[in-house]
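Generate coordinates for the entire structure from the input sequences, incorporating the hints supplied.
Okay, here's what each chain looks like letter by letter:
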Amino acid sequence: MGVQIDLADKLCIARIIGDIDHHSAKEMREEIDNAVTRSGAKELELDFREVTFMDSSGIGLVMGRYKLMQETGGKLHLVNIAGHLKKVMMLAGLDRLAILDKPERPARTANEEGGKQHESDQHDETAV
Amino acid sequence: MKAINTMKLQFEGRSVNESFSRVAVAAFAAQLDPTMDELADIKTAVSEAVTNCIVHAYRQRIGIIYISAGIYPDNRIVIKIKDRGCGIADVKKAMEPLYTTAPQEERAGLGFAVMQSLMDRVKVLSKEGKGTTVILERRLMGKEA
Chain V
1 MGVQIDLADK
11 LCIARIIGDI
21 DHHSAKEMRE
31 EIDNAVTRSG
41 AKELELDFRE
51 VTFMDSSGIG
61 LVMGRYKLMQ
71 ETGGKLHLVN
81 IAGHLKKVMM
91 LAGLDRLAIL
101 DKPERPARTA
111 NEEGGKQHES
121 DQHDETAV
Chain X
1 MKAINTMKLQ
11 FEGRSVNESF
21 SRVAVAAFAA
31 QLDPTMDELA
41 DIKTAVSEAV
51 TNCIVHAYRQ
61 RIGIIYISAG
71 IYPDNRIVIK
81 IKDRGCGIAD
91 VKKAMEPLYT
101 TAPQEERAGL
111 GFAVMQSLMD
121 RVKVLSKEGK
131 GTTVILERRL
141 MGKEA
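If you read the protein sequences in the order shown, they are chains V and X. Using our numbering, read the first sequence as starting at 1 and increasing by one per residue. Using our numbering, read the second sequence as starting at 1 and increasing by one per residue.
Just so you know, the hints here were simulated from the structure itself, not pulled from any lab data. Cβ coordinates follow ideal geometry from the N, Cα and C atoms, glycine included. Any given hint could turn out to be false.
[Unchecked claim] Mimicking DSS-like on lysine-lysine, the simulated pairs with C-alpha atoms at most 27 Å apart in a straight line are:
1) V:Lys67 x X:Lys93
2) V:Lys87 x X:Lys80
3) X:Lys92 x V:Lys87
[What the hints assert, rightly or not] Pair ranges (Cβ atoms, derived):
4) V:Met1 x X:Ala27: 18 to 28 Å
5) V:Met90 x X:Ala27: 46 to 56 Å
6) X:Ala27 x V:Lys42: 41 to 51 Å
7) V:Asn34 x X:Asp74: 35 to 45 Å
See below:
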């Protein structure tokens, strides 16, 4: 449960783990915002591969980070959005706000059990 | 139509119980042999309704949230989420997408919109100062469909 942050140059990768709801979102957004502000990252990638559940609190989390990146002239990417998460995000029109795409780099942690069974059609490539 | 099975749940409106409540309702719904998608829809809608109780109905205090659910012969599940909180002055307005009274907490104002899109029916009964009941209804096609 929580967020794993990876920083490289001007890129901040935040891997969200577990359920995103009203209870967990607050801590997640604080961790992500701290990392972005501290590092001065120009690109933020939110990785949803290990998100097990999301309600509209997740929409708030994405919209808030979108605003944050906009304020600094940065970009927001959302990657590995599985079926159900995508449904909730599309409902909120988040595909119009952020760039939903595939991760551009191979997964960083090889020790995780091969990224579970995400199907290829769950990677959305719609760019804004 | 008479329910073939029912359950009741009551718990404190602490945010940590959001996951407890949606998982409990999903476990009850599991006897309808739902698909993963259907289960995710139910969990999400319940999570929205319960979060509303915690964020809006009870605000700064811990109140009790009551959930009851029934399963009907036509593969329907009806879930009632009830609080004894502040109530909603204007239900129609509260249900408008993007309308929120808690923007500072990054509430997107999409709770009811999410419930409506995932459920077949969403009914809201509310009285100011008395509380709110949200009734969610969904017919599950299950795995045979």
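Hint says 35 to 45 Å; check whether the CB-CB distance for Asn34 (chain V) and Asp74 (chain X) agrees.
-> For Asp74 (chain X) against Asn34 (chain V), whose Cβ atoms are near 50 Å apart, the range 35 to 45 Å is violated.
Can the restraint linking Lys87 (chain V) and Lys80 (chain X) be considered satisfied, given a maximum Cα separation of 27 Å?
-> Within the cut-off at roughly 24 Å; holds.
Can the suggested window of 46 to 56 Å be confirmed for the beta-carbon pair Met90 (chain V) and Ala27 (chain X)?
-> Violated, at about 27 Å.
CA of Lys67 (chain V) to CA of Lys93 (chain X), is that 27 Å or under?
-> holds, 25 Å
At the C-beta level, are Ala27 (chain X) and Lys42 (chain V) separated by a distance inside 41 to 51 Å?
-> holds, 44 Å
Lying within 18 to 28 Å: is that true of the beta-carbon distance Met1 (chain V) to Ala27 (chain X)?
-> For Met1 (chain V) and Ala27 (chain X) the Cβ distance comes to about 20 Å; the hint holds.
Would you mind confirming whether the straight-line C-alpha gap from Lys92 (chain X) to Lys87 (chain V) stays at or under 27 Å?
-> Cα-Cα ~24 Å, so holds.
This entry does not satisfy hints 5 and 7, going by the numbered hints stated previously.
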